Amino acid sequence: MADWDVKDLEYWDEKIREKVEEFGLSCYPQEFEICDHFQMLGYMAYSGMPSHYPHWSYGKSYEKLKTMYDYGVSGLPYEMVINSSPALAYLMRDNSLCLQVLTVAHVYGHNDFFKNNFTLKSTRAELTLNLFKIHADRVRGYIEDPSIGIEKVEAILDAAHALSLQCRRNLAIKKLAPEEERKRALEAAQPPSDPFQPVHKRQVYTPPDLNKVPLSPEEDILLFIRDYNPYLSEWEKDLLTIAQEESQYFIPNIETKIMNEGWASYWHREILNSLNLPQDLHLEFLVHHNQVVRPFPRGINPYYLGLKLWDDIKRRHDDPTPEEIEKYGKPTKTGMQAIFEVREVDRDVSFLRRFLTEELMREMDMFQYEPRGDELVISKVSDKDSWREVKETLLKNVGMGSIPVIKIEDADYNHNRVLYLKHYHDSRDLQLEYAERTLAYIHQLWGHEVVLETAVNGKRALLSYSDKGFSTKPLK
Amino acid sequence: MPETIFRPYSPSESLRSDRSAGDRQRHRQKVRESIRDNITDLIAEESIIGKDKDKIIKVPIRGVKEYRFIYGENTPGVGQGDGNSQPGQVLGRTQGERGQGEDKAGDQPGVDYYETDVTLEELIEIMFEDLELPDMERKILREIMSERLSKRKGYRRAGIRIRLDKKRTAISRIRRRLAVARRQGEDWDDEQRFPFHQDDMIYRHMVTDTRPESNAVVICVMDTSGSMDTMKKYLARSFFFLLYQFVCTKYRNVEIVFIAHHTEGHEVTEEEFFHKGESGGTFISSGYTKALDIIKERYHPTLWNVYAFHCSDGDNFESDNPAALKAAKELCEVCNLFGYGEIKPLGSRYYESSMLNIFRRLEAENFQTVLIERKEDIWPSFKAFLAKERVREETAAAEA
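Chains as they are written, first to last, in this note's numbering: chain D, 2 to 477; chain V, 220 to 619.
One chain only, chain D, in its complex shape (with noise of 0.2 angstroms):
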């Protein structure tokens, strides 16, 4: 058993609460619950909801998860934090008592960003927790429900699941509603107001096309899926819904990874040092933290990262070095006021395009691979002409850059239903097996022909899955 009892945890608590208000940190009501390694990965599997819809993926990923832990590829995280109010942490039972107060620390960072950052606000924290209990119990009701099953729930929410993850990023623009989207198509048509226009030929006008539908290309796949294929049962349509409702959930967290772990890394830094810890607790966190925070050879640690930043955009206000005052003029806040204002406007992307500089990636030897032949080879570094191309290639790396973009382009192709995609092609590939399998789920949901138009090694094709199977065709 561990050198602790939740007396002291109640303890150490308290003087961290202190910290955090002092610090001006502004927090959900804070919850922890105290687990053994099974549980822990038992929540792990289910992205630490108490209460989660059944699907064997997640069995899948919890024999992962063990396998990996039993063998010791990987360790268990310290703590889990859901984005919720109150926010719900775990922490794991054998752990010492140094790590524990660490962890405390740690999840309060996390908890001001869940509240006080632009995406997560949008995840409506109060009620997270009810949303997958909701959803846990209308997925368990179809299951049990004699006309549909689990094969067909199952069908469905492998579909659904495979593109959950198309739909719109930016959670903040708003969607239009279809009266907004064809006033706008409206006034896109009108020709440009032309001060000569009494002097100039007439401009023709073209009244848009308002029955194309969709009016302008549409992220949400599962959304439209459901609004416009009129032969989904309800509960079909339903499971739609549950498995788009998830992944908005999902996506700030997705969006924000880097800046959030530095936050909450940078938080349990400054407060533990203000804790005056004994000595031998001292020096255990030391050990830790710099477990937690050190680079990976090779790949890209979220708290190296973030961490890195979150002190560099400090000190560029709180003590800036001539050259940067020359270049970005003289700070006009204070570090502390900048990195809370950051903390709430920013996403990874913006964050690190923001204020990843040239000198921050010189010093951590941020480089870039490609690969040639079956070898990982590094084609650039981060040096004087290459460093910006290196940036980029990080930016699109990030958050949901990760997942190709795809939007409905034409759900009346031809004038047949079939449903024409584009793939917003950025100088990526598609995984073809990937695609096709991909693509024959969305002809699974929407009942018809499916096309998509991507590029392969630099060449427009059509992707199609119909009835007949997989075929791909170029384009000119």
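If you want the footprint, here are the derived chain D segments under chain V, 3+ residues with CB under 8 angstroms:
| hint | stretch |
| --- | --- |
| 1 | 47 to 56 |
| 2 | 162 to 172 |
| 3 | 380 to 394 |
Hints in this document: simulated from the structure, not taken from any laboratory.
Here the structure is a predicted model, which means the values were calculated and not measured.
Glycine included, each C-beta is placed from N, C-alpha and C at the ideal position.
Model the placement of chain V on the given structure of chain D, informed by the hints.
Same frame as chain D, but now just chain V:
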């Protein structure tokens, strides 16, 4: 900010809450299905042949990937070095490196490929799930007392001491005592001694239980002559291995005889059959004669269902062909099913002689030939071997 809540650990909660059990089971079912779908490839895998039942096999799983739209492998990524990264440095292999994915933030989800461990026994079970050995023929004397189980059947006044039923004996004495008391009326003395009598004794009666047992013997005959090179032997062994494992899974009381032959036939042990190599010329008839001898000695066809299978590359001595054909005919007469598998690794069928042509003259209903050209043929021909027989049985049943 309201008070933070700490919920202490409760072991009972932990014991109760194996929440992923159902999903794990579902996942395992999927894995099983996937293994079954890929069984042909697995059987072709050299490593499972002739291995111990508890041997753990790594099986690549394909059917349970979670597909999404992901970027392909030509996508560049960003990493972090130790300070001396130079363009052109090799980081590692593309595959695997990507698949792990986990420790690289901002990396692609990675191609979802993994292996699972199953024991050979499990694998065999999965393989044979939907196969049946053709129903054994109902031989007249197929009922032999295989298990000398006895079961109780009623009571007797006579018997041996050990089967005395004390309770019933005691009841029977009380009954006699009451009867005597009524007859004696006034003279009955309640204190009177009333010993057991021979007539009170009740014994349990036992009968021997004969259970109908299918008596089946599978005779595996393999050509181990010099012309059977490693590849051919491997194919033959794979086929026998399947047959043997299959028979073992489905029936408990099946006997198996292994015969290896070159110019002479020998009965060998399982171990020798699967692992030992020999050399020399080929007299196929020698193997058949040996099989016939063994059948005559130990497995009389009126009592036994006999299944025989022979694997060879068909490269028989010309002079032996008539003898082989004759012996094969005899085997057909005594066997329920006799199969001949010709192993011809691709190409070799064009220049090597073949027994298939010779056996074409053998017109017996219960004779079958299969041609195995490569690893991938093993499973289909094995299935065909069993399926054909089943069809035959069914039509026979329909006619009857």
